[in-house]
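The listed protein sequences correspond, in order, to chains H and E.
Following the working numbering, the numbering of the first sequence begins with 1 at its first residue and continues without gaps.
Following the working numbering, the numbering of the second sequence begins with 1 at its first residue and continues without gaps.
To be clear, the hints were calculated from the coordinates, so they are not data collected in a lab.
If a hint is listed, it holds; no wrong ones were tucked in.
The calculated lysine-lysine pairs, modelled on DSS-like cross-linking and capped at a C-alpha distance of 25 Å, are: (1) E:Lys81 - H:Lys200; (2) H:Lys141 - E:Lys193; (3) H:Lys144 - E:Lys171; (4) E:Lys81 - E:Lys171; (5) H:Lys144 - E:Lys193; (6) E:Lys171 - H:Lys141; (7) E:Lys81 - E:Lys172; (8) H:Lys141 - E:Lys172.
Simulated DEER-style distance windows between Cβ atoms: (9) E:Asn211 - H:Lys88: 46 to 54 Å; (10) E:Lys47 - H:Pro92: 43 to 51 Å; (11) E:Ile6 - H:Gln39: 55 to 63 Å.
Not the full set, but computed from the structure, chain H residues with beta-carbon under 8 Å of chain E: (12) Glu75; (13) Ile78; (14) Gly112; (15) Leu114; (16) Asn120.
Yeah, the Cβ is synthetic: ideal placement off N, Cα and C, and Gly gets one too.
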Amino acid sequence: MNELLEKLSLAVESGKINKMSPYPPAMKGLDGADELCQQALEAGIKPDVILNDALIPGMGRIGKKFSDGKAFVPEMLIAAKAMSAALKHIKPFFTSGEVKRKGVFVIGTVMGDLHDIGKNLVAMMIEGSGWEVVDLGVDVKPEKFLEAINQHPDCVIGLSALLTTTMVNMEVIVKQIRAHYPDNKILVGGAPLSHDFCKKIGATFYSADPQGAVEFLERSVA
Amino acid sequence: MNTTAIKEISFEELLLTREDVIPLLGGKSDYAFLMHEYLDTLFEQGKQIFQIMGGYQVFDKLTFNLEMREIAIGEVNFEVKKVVFNMLKRSSKIAVFVCTAGDKIHELSRQYMAEGDMLKGYVYDLYGSLVVESAMDLVQQSLRLEMEGEGLEITNRYSPGYCGWTVDQQKKLFSLLNQNFSFVTLSDSCLMKPIKSVSGIIGIGHNVKYNDYTCHICDSTNCLYKNLKKHS
Chain H
1 MNELLEKLSL
11 AVESGKINKM
21 SPYPPAMKGL
31 DGADELCQQA
41 LEAGIKPDVI
51 LNDALIPGMG
61 RIGKKFSDGK
71 AFVPEMLIAA
81 KAMSAALKHI
91 KPFFTSGEVK
101 RKGVFVIGTV
111 MGDLHDIGKN
121 LVAMMIEGSG
131 WEVVDLGVDV
141 KPEKFLEAIN
151 QHPDCVIGLS
161 ALLTTTMVNM
171 EVIVKQIRAH
181 YPDNKILVGG
191 APLSHDFCKK
201 IGATFYSADP
211 QGAVEFLERS
221 VA
Chain E
1 MNTTAIKEIS
11 FEELLLTRED
21 VIPLLGGKSD
31 YAFLMHEYLD
41 TLFEQGKQIF
51 QIMGGYQVFD
61 KLTFNLEMRE
71 IAIGEVNFEV
81 KKVVFNMLKR
91 SSKIAVFVCT
101 AGDKIHELSR
111 QYMAEGDMLK
121 GYVYDLYGSL
131 VVESAMDLVQ
141 QSLRLEMEGE
151 GLEITNRYSP
161 GYCGWTVDQQ
171 KKLFSLLNQN
181 FSFVTLSDSC
191 LMKPIKSVSG
201 IIGIGHNVKY
211 NDYTCHICDS
221 TNCLYKNLKK
231 HS
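Between the sequences and the hints, there should be enough to build the whole structure, so can you do that?
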């Protein structure tokens, strides 16, 4: 792989946002994701190559470490920020159409639940993997999901809940979505969930962590 | 008679230090220095950021339906799971409590997240949770001291949303409280405002007990202390 892309990928994985950022200490004074992405574009590397060969693998590695219990939420958040710093250079190419979005991902924390940090992290990672993300926020009622699907008919829907007492609201939302849009894929996530619960409520896929959500979406467009 | 106690709690009273927070954030030394910066700001500005208020109202007209596992406080009936029912069924009184850290910490947290600083937003969010739980510890301690004066013990605290006690029961809980508790309100979805608030019930009586370790009976997936246990 191109040396610049390797460095960029490592900067994302390590959470090295830009040259000024003090984290991680071992990379102090080095260029971060912000500068390296700009340099890669200036070197003539296509934005979709930067996305697919540097940003997605970098975020994928830290996501895997998180899944394996070898990284914590703060490290994921720092890496997500580094990825965002790089992504801001790529975004104009999405707008111009030079880089195609992989699809639209509509995400929200279900009604009755206000927890959004996991949801935000998933949204950031999915956006970083080339999707347009429509974030409906927290305490989202079924009608709001239906309205978003109406606007983005081919979207994948993501439902998040953190409480055992609010995850039951997922079933209500999934039922309403299925009644109107039986073919849309529905991804569910949140600490108290399980594959069995996902199956029981009729959702398409359950992911225990953000990386699993990214991989599911990658498979869904493959 | 239903007694009420409400107090403002100063940020300084909580006596929180970096050491209380860092382990909850994962605590790895590589990034701890980033958190120190955020936490130092929070410690410096805590007095301006937090508007901490908490209290309880004690009710003595109780009915326990063993068969249905229902607890009636006055005329208001609560359906709870076995685990909560068993801890409270010997209570002669029940305190309904509310405590809040105020609006500002959540607003700041979401402002930083919206600006792209997810880590700072996360640290502020977690710190807000720690503040409200610590403040509630003080409120609970006040209740304990008051009840000790009457020769009574208190139980642990239990909240809608946990231990299978559904969030929609929150409306019933708030219907019991007098207007002095209006510093916390409920949304249509039964969510509290300010968001960094806690509410619930505590059993009181001669034959109730407080358990130091209750993680095994709790199904919380986002508890500060459960995370600490998991990652320590």
